[in-house]
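Novice: One-letter residues, chain by chain:
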Amino acid sequence: MQQIELANKKALDTMLAGDPVLVDVVPAYTVIPALTDRKLILHAGPPVAWDNMCGPMQGAVAGIAVFEGWASDLNDAVQRAAAGEFEFEPNHHFDAVGPMTGMTTRNQPVMVVENRAFENRAYCTINEGLGKVMRFGGNDASVLQRLSWLKDEMGPLLSLALKECGGIGIKNIIARGLTMGDEMHQRNVACSSLLLRELAPALAKVSDNNASLAAALAFMGSNDQFFLNVGMATGKAIMDPVKNIPHSCIVTAMCRNGTDFGIRISALGDQWFTAPVEMPEGLYFPGFTEADANPDMGDSTIVETIGLGGFAMGASPAVAGFVGAGAPSDAGNFTQDMREITFGENPEWTIPAMDYQGVPTGIDIRRVVESGLTPTINTGIAHKEPGIGQVGAGVVRAPMQCFVDALKAFAASEGVQ
Amino acid sequence: MEKQLVKHAVASLFEQPVHVVNVGLEGFADELTSQGTPVTHLDWQPPAGGDAKLADLLSKLGS
Numbered sequence: 027m028q029q030i031e032l033a034n035k036k037a038l039d040t041m042l043a044g045d046p047v048l049v050d051v052v053p054a055y056t057v058i059p060a061l062t063d064r065k066l067i068l069h070a071g072p073p074v075a076w077d078n079m080c081g082p083m084q085g086a087v088a089g090i091a092v093f094e095g096w097a098s099d100l101n102d103a104v105q106r107a108a109a110g111e112f113e114f115e116p117n118h119h120f121d122a123v124g125p126m127t128g129m130t131t132r133n134q135p136v137m138v139v140e141n142r143a144f145e146n147r148a149y150c151t152i153n154e155g156l157g158k159v160m161r162f163g164g165n166d167a168s169v170l171q172r173l174s175w176l177k178d179e180m181g182p183l184l185s186l187a188l189k190e191c192g193g194i195g196i197k198n199i200i201a202r203g204l205t206m207g208d209e210m211h212q213r214n215v216a217c218s219s220l221l222l223r224e225l226a227p228a229l230a231k232v233s234d235n236n237a238s239l240a241a242a243l244a245f246m247g248s249n250d251q252f253f254l255n256v257g258m259a260t261g262k263a264i265m266d267p268v269k270n271i272p273h274s275c276i277v278t279a280m281c282r283n284g285t286d287f288g289i290r291i292s293a294l295g296d297q298w299f300t301a302p303v304e305m306p307e308g309l310y311f312p313g314f315t316e317a318d319a320n321p322d323m324g325d326s327t328i329v330e331t332i333g334l335g336g337f338a339m340g341a342s343p344a345v346a347g348f349v350g351a352g353a354p355s356d357a358g359n360f361t362q363d364m365r366e367i368t369f370g371e372n373p374e375w376t377i378p379a380m381d382y383q384g385v386p387t388g389i390d391i392r393r394v395v396e397s398g399l400t401p402t403i404n405t406g407i408a409h410k411e412p413g414i415g416q417v418g419a420g421v422v423r424a425p426m427q428c429f430v431d432a433l434k435a436f437a438a439s440e441g442v443q
Numbered sequence: 015m016e017k018q019l020v021k022h023a024v025a026s027l028f029e030q031p032v033h034v035v036n037v038g039l040e041g042f043a044d045e046l047t048s049q050g051t052p053v054t055h056l057d058w059q060p061p062a063g064g065d066a067k068l069a070d071l072l073s074k075l076g077s
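Residue numbers (our numbering), protein chains in the order written: chain A, 27 to 443; chain B, 15 to 77.
The hints are simulated quantities; they were obtained by calculation from the structure and are not laboratory data. All figures in this text were calculated on a predicted structure; none of them were measured in a lab. Do not rely on the hints blindly, as some may be mistaken.
As the list claims (entries may be wrong) - Computed, partial: chain B to chain A, Cβ under 10 Å:
id, residue
1, Lys17
2, Gln59
3, Ala62
4, Leu68
5, Leu75
Every residue gets a Cβ at the ideal spot worked out from N, C-alpha and C, and that includes glycine.
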């Protein structure tokens, strides 16, 4: 089975060769043509029908339908969704990813990350901030008003700034972020600041309105998770060229829709392997408990797929406490565990506190099934009812059944019984 | 002579403080620890959680 090792080596090399650059922010329909004339709603995770969507996912669908002008209010939107008036497909089917509920629709601005080594592009919406936001199922007037501002002011301004500076390389920002305590899933303080530092001069240069500029800078400056969506588009841009390498059993995507967890592996292209999602274990904001929590959700696990998030916990002792994963001194243990299920490591993304070892990279389904260790994921926790928003943050494991099913299908494709 | 040396080695083993290496089920380590016996626990489980069919597939796939 030397050819599997060689194929996985090629997959890892392809990941490491990726050169993601944030190049633009554009209306989603301009880069995802399927959104142009259909009432198509892209969501996080593997495919899911309206009837099987969890509460926050349905809440987000209702909100985004009102935002797009496809419904007069939230109740009208729910009725139209139940009647089959909207189409639903995963972001992953359109080179895109979205955090938590992951709504991507026609007029939302999406950030464009170009992998210049392989000339592919990936898309993700702009992070809305914390609390009551659409990605956590929020859908009231304040949520829709923020989305409108992102569409009409923030998105176009970011687009001008990115063109002014010729794009921003992301690989180096992540490398520096890891040395500053980020793991790029639940802690993006450093990377958000580094990105702002690069963008601010260009924003100032292209803006002709001080109030708009101030609002944009304040929005980015007050949102510790602003970089998350950039990191997600980066993950998608890095992983898409890894698809369809014959004989490779490296995971190319992991995602959740609040109902099912799905993975894809390289050799089997676009095929999903799904299992019911797990419930995160974590810490809750004041006034909320685990009884309020929705099961695991979002495309953000693309950052774990490239060796960040729970895989890079050792770089981020502070996040261990934030997500209730134990003492800061335990953070490195999560990263060490993930070394057991990965093909290699990333020499450019290193962890100072772990003697500059690279983050564990390239999830090998054989090692997952053999060891019994499933990927560790750092995640936000949404309220299980629509319209409320984020209630906490925690750690969750990918369900083993996805990997077992993928292994069996992979074995069959290799002619192994 | 050789037999005497082995006998002495075995006897001396029980004259020293015991340090246990526990492999697999953590409950055994916990029990000894609760009795004050030093234990080094090795977190181990059979490949594929003991599923023979999966273990066979893994073996054929080079894992």
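Novice: For every hint, state whether the structure bears it out.
Specialist: Each hint tested on the structure:
About 43 Å separates the beta-carbon of Lys17(B) from the nearest beta-carbon of chain A, more than 10 Å, and the hint is not met. Because the beta carbon of Gln59(B) sits about 6 Å from the nearest beta carbon in chain A, less than 10 Å, this interface hint is met. Interface restraint check: Ala62(B) against chain A, minimum CB-CB distance 5 Å, threshold 10 Å, status holds. The criterion of a C-beta within 10 Å of any C-beta in chain A is met by Leu68(B), whose closest approach is roughly 6 Å, and the hint holds.
Hint status for Leu75(B) relative to chain A: holds, with the closest Cβ pair at about 6 Å, below 10 Å.
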